[in-house]
Structure formats: structure tokens, C-alpha cells
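Visitor: Spelled out, the chains give:
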Amino acid sequence: MHIKNHPILGERLHDPVTIYFNGKPLQAYKQQTIAAALIANGVKKFGESRKLMQARGLFCSRGRCCSCYMTVNGEDHVKTCMKMVEDEMVVIPNIGDPDVRGDSHGN
Amino acid sequence: METDVLIIGAGPAGLAAAFEAGSRGLDVVMIDESSRLGGQLSQQTQMVSMLPSQYPPMKGFELAKLLINQLHDFPVKILLNHPFIGLYQDGSIGVSDGKNVFPISAKKVIVTTGAAERAIPFLKWTMPGVMTIGAAQTLVNRDFVVPGKKAVIFGSSDFALDVAIQLKQVGVEIEGIIEESTKLTAQNMDKINLIKQASIPIYLNSFIKEVGGNGQVEEVYVQQDQEVKTFHADLVCVDGGRKPITEVFYQLDCSFSYQEKLGGWIPQYNERLQSSQEGVYLGGNAAGISFHGSILLTGIIAGISVCEDLGVLEADEANSLRDSLFKEIKIIESKQDDHLWLERMTHIENFLHPKLKNQFIS
Ligand code: FES
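In order, the protein sequence lines correspond to chains A and B.
Per the working numbering: the first sequence = residues 1 to 107.
Per the working numbering: the second sequence = residues 108 to 469.
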């Protein structure tokens with residue numbers, strides 16, 4: 001849920017935008033990070049851990065723990081708690097590691 | 108890019124240091140990895156306690172605004188969304204703009220990277236729905252998002268109680284505050300009374316054993332005496348205290364020593380807030396976990412020392428300013444916790460006898 005009228009800070013959410021999570025459109029506001037916008041829309045699971053396939057989501061919201069990594073507009077491993085939403089952003093859960101080195105290197 | 112002073116971290120200490128340097132005519136560049144100034148202060152809607160005497164009582168975000176506004180007339184260049192990446196061979200600092208890394212060469216560097224929250228592990232603590240108490244506050248006060256419907260709070264510091272009240276104000280039901288020891292760790296009676304007035308249940312001698320849920324938290328199992336109590340909640344806020352953020356100091360190869368009260372291994376510094384690397388100064392929680400007052404005052408001291416070393420402030424004046432600022436730190440810290448001030452003094456004395464030095468030479 002978005003906080004439209006904050007008890008101390010008042011109204012701060014202007015500029016609605018649409019982001020896509022797994023292809024589904026969600027409403028967000030420019031004043032929010034991607035992670036926060038997802039939580040406002042009831043999405044808490046942002047991805048799965050590499051080895052044990054356990055759910056991961058926002059933990060520190062400070063860019064420290066890397067638990068909120070997701071793929072954003074095709075870019076792997078974006079810390080979604082630190083990046084603000086933009087209209088039409090495409091967000092995909094983080095499922096495993098990106099192919100950093102590439103198959104061609106024999107990895 | 109070239110500058111007189113580079114400040115890494117735009118929280119309260121960094122802003123205070125920037126004012127000292129900028130207002131005396133030095134060129135300042137300030138970088139921060141986040142998208143706004145003020146650090147954690149910007150989302151604190153609670154009153155800040157223990158401010159230096161020249162400040163009237165105010166809320167955290169108001170103090171952030173004041174510190175930001177006082178920079179307006181001075182040559183301070185601010186680069187947000189610009190994390191520190193590393194060090195070039197020639198000593199310049201590598202900074203990322205999100206696409207490229209570029210060097211900033213500065214005559215002096217002030218590191219004010221602040222503190223990070225600690226996690227408290229319990230079974231399945233990595234499940235979505237478990238977050239730090241600060242993260243919950245960030246969602247409410249920075250992003251304007253309700254983090255959950257029903258919350259359990261693990262830990263009972265003054266900060267945890269502040270956030271419990273703030274969560275409740277935006278409609279989150281607080282199922283309980285879980286504290287391992289026999290009494291609340293919060294010291295502020297006003298805050299404790301607020302919790303009682305809000306009828307938030309407190310469970311002492313208790314700890315979270317495990318959380319359960321399918322991909323996200325649905326239940327919280329709390330051990331109390333011989334019994335395990337089940338809470339139905341979708342949010343667990345963990346209040347594990349804070350530790351200084353020190354990566355930048357490792358990279359700059361500063362020496363470290365250990366001070367329990369100040370947050371563990373912290374970079375060493377002298378009474379000028381200068382590290383073992385001559386051109387590197389520090390302030391704020393990076394110089395040891397403390398109260399808002401000391402965070403500001405150490406930032407100011409670092410700024411003054413840099414001004415002195417770059418010749419825009421006379422040594423006599425710098426010395427007397429530092430003396431009076433340290434007196435204020437002493438008043439603030441010893442009022443709350445005698446050991447904190449004593450450990451800070453020990454830490455400064457240890458400057459000449461580093462415990463951990465040249466540890467990262469590769
Ligand atoms: S939640 Fe920790 S880095 Fe984003």
C-alpha cells in the first residue's frame with residue numbers, strides 16, 4: 001500500500017508511473033525506489049538464492065546487503081532499494097547469477 | 108575532476124564538514140551512493156536527541172534540511188548516485204556515475220560513510236518480510252510505502268521504539284516487541300511510555316526462534332521460557348544495532364583498532380580526526396557509533412582540520428575550535444554513556460600504536 005497522506009510528512013507522492021513486474025503493470029510513483037514500489041503492490045519476493053533456491057527480498061534498504069538484486073531494463077544485479085522507478089521500467093526477479101564471463105570463456 | 112576537498116558520504120557529518128570547508132572558501136566535491144542528501148537523517152521523523160548546544164530541538168529530517176540549506180552559498184559540488192569504487196594508482200579516487208568510473212583528485216579526503224545496521228540471525232531470517240528496523244523506516248518515510256500489515260519487532264532500542272510508533276501511525280499493527288533481556292534496552296522514558304500508551308505488547312526474556320511462510324513471512328515463532336508462541340505477522344523488523352561502514356578505509360589502507368563501544372574495528376584517528384593516511388580525515392559514525400551530536404561535531408572537526416592543513420585557517424584558531432568542540436562531545440557522550448567517551452579517548456591515544464596496519468597490501 002502507498003502512503004498517500006503521511007502523518008508527519010504530508011502528501012509527497014506525485015508523478016504516478018507504470019512499471020512492469022514479470023510483464024504485469026503496477027502503479028508506482030517517481031518518488032519511490034523499485035523495491036519499495038513492488039512492496040506497495042504486494043510483491044515481497046524479489047528473487048531466489050543461487051544454491052538453495054530460497055526466496056529473497058528487501059532486507060536493509062540501504063544498498064548494503066544486496067538481497068534486493070533484480071534485473072531492471074535488461075540489466076542484471078541492480079540494487080532495487082537504491083534505484084528510483086522510471087515510467088515503463090521492466091523489472092524481472094533475480095533468478096541465479098548473470099552470465100558475467102560468458103559461455104565462450106569455457107565457464 | 109579536481110578539487111581541494113572530496114567528501115565521501117553526504118549524511119550529517121559530511122554535510123557539516125562540507126560547510127566548514129566550503130564556507131572558508133575551499134572547493135568541495137561531495138559524493139554519495141544514494142539519490143538524496145542527508146543520509147539516514149532525512150527519513151527520521153522522530154526528534155533528534157543529544158544535539159550540540161547551538162541547535163534547537165528538531166526532528167531528523169528538519170536537521171537534514173538545515174544542514175543542506177547552509178551549503179547553498181558555497182562552492183560545494185554535489186554528486187548523488189555516485190558510489191566510491193576504489194583508488195587509482197596516482198592516489199585519485201575512483202567514482203562511478205552509474206555507467207563509467209572516473210577519477211577525482213583531491214588535496215584532502217574526508218570520509219563520512221556512516222553506519223550500517225547489523226542483522227540478528229535466526230532460522231530463515233533471509234525470508235522476504237524480514238528486514239532491518241531501519242529498512243522499515245525507510246519504506247515509510249522515504250518511499251511512502253506501508254511495509255506490512257502485522258509486524259513483530261525484534262529488539263527494543265530507542266530507535267526500535269521510534270519506528271514501532273511510526274509504523275503504527277501508518278496503520279501497521281504491532282503484534283509485539285520481542286526483547287531477549289529482562290528489560291527494554293531503550294533508555295528514553297518518553298518513548299517507553301508512548302509504546303505503553305499505544306498498547307503495544309512487550310515480550311521480555313524472549314527471542315525469535317524461526318519464521319515460517321511460503322516464500323514470505325506468514326508466521327513468527329517466539330521462544331518465551333519453555334514455550335513457543337506463534338505470531339501471525341507478515342513483517343519482522345530486526346533491531347540489531349549498528350556498525351561503522353569501513354570499506355573505504357580498507358581501500359585507502361588506513362590503520363584500524365578495536366573499540367567495542369564505538370562499534371568494533373574502526374579506523375584510527377588523532378584529535379584532528381585525521382587517519383593514519385595523512386590526506387584522509389573522517390567523521391560521523393564512521394569514526395565510531397555515537398549520538399547525533401557527536402556525528403555533527405566530529406564532521407565539523409574534520410572540516411576544520413582540513414581547512415587548517417590547506418592554509419585557510421590559522422593553527423591557533425583551529426586548535427581552540429577543536430578544543431571546544433571536543434568539550435561538547437565529552438558532555439554529550441558522557442551524559443549518556445561514560446564508557447563511550449572514554450573509549451573514544453582511548454582510541455585517539457591508540458593512534459600512535461596501531462593494531463592493524465598495512466593489512467590490505469596486495
Ligand atoms: S535491500 Fe539491502 S541492498 Fe537493497
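Quick caveat, the hints were computed from the structure, so don't treat them as lab data.
No residue lacks a Cβ here, since even glycine has one placed at the ideal position from N, Cα and C.
Where hints are given, some of them may not hold.
[To be verified] Pairwise CB distance ranges (calculated):
| hint | chain 1 | residue 1 | chain 2 | residue 2 | range |
| --- | --- | --- | --- | --- | --- |
| 1 | A | G10 | B | G371 | 37 to 43 Å |
| 2 | A | E48 | B | D360 | 53 to 59 Å |
| 3 | B | N312 | A | G74 | 32 to 38 Å |
| 4 | B | S431 | A | V90 | 51 to 57 Å |
| 5 | B | T453 | A | K24 | 52 to 58 Å |
| 6 | A | P25 | B | M296 | 44 to 50 Å |
| 7 | B | P210 | A | E88 | 40 to 46 Å |
| 8 | A | V90 | B | A226 | 26 to 32 Å |
| 9 | B | M296 | A | E48 | 41 to 47 Å |
| 10 | A | D15 | B | D332 | 48 to 54 Å |
[What the hints assert, rightly or not] If the Cβ cut is set under 8 Å, some of the chain A residues that face chain B in the computed set are:
| hint | residue |
| --- | --- |
| 11 | L13 |
| 12 | K44 |
| 13 | F59 |
| 14 | C60 |
| 15 | S61 |
| 16 | N73 |
Visitor: It remains to establish, for every hint, whether it holds in the given structure.
Guide: Verification of the supplied hints:
1. A:G10 <-> B:G371: 37 to 43 Å: holds (39 Å)
2. A:E48 <-> B:D360: 53 to 59 Å: With a Cβ separation near 38 Å, E48 of chain A and D360 of chain B fall outside 53 to 59 Å, so the hint is violated.
3. B:N312 <-> A:G74: 32 to 38 Å: Violated, at about 51 Å.
4. B:S431 <-> A:V90: 51 to 57 Å: holds (55 Å)
5. B:T453 <-> A:K24: 52 to 58 Å: Distance hint for T453 of chain B, K24 of chain A holds at roughly 56 Å.
6. A:P25 <-> B:M296: 44 to 50 Å: At roughly 49 Å between Cβ atoms, M296 of chain B and P25 of chain A fall inside 44 to 50 Å, so the hint holds.
7. B:P210 <-> A:E88: 40 to 46 Å: violated (34 Å)
8. A:V90 <-> B:A226: 26 to 32 Å: holds (31 Å)
9. B:M296 <-> A:E48: 41 to 47 Å: holds (45 Å)
10. A:D15 <-> B:D332: 48 to 54 Å: holds (51 Å)
11. L13: Result: holds, 5 Å to nearest chain B Cβ.
12. K44: At 4 Å from the nearest chain B Cβ, K44 of chain A passes the 8 Å test, so the hint holds.
13. F59: It holds, given that the least Cβ distance between F59 of chain A and chain B is near 5 Å, below 8 Å.
14. C60: Where the cut-off is 8 Å and the nearest Cβ of chain B is about 5 Å from C60 of chain A, the hint holds.
15. S61: It holds, given that the least Cβ distance between S61 of chain A and chain B is near 4 Å, below 8 Å.
16. N73: This interface hint is violated because 12 Å lies over the 8 Å limit.
Of the numbered hints given earlier, the model fails hints 2, 3, 7 and 16; all others are met.
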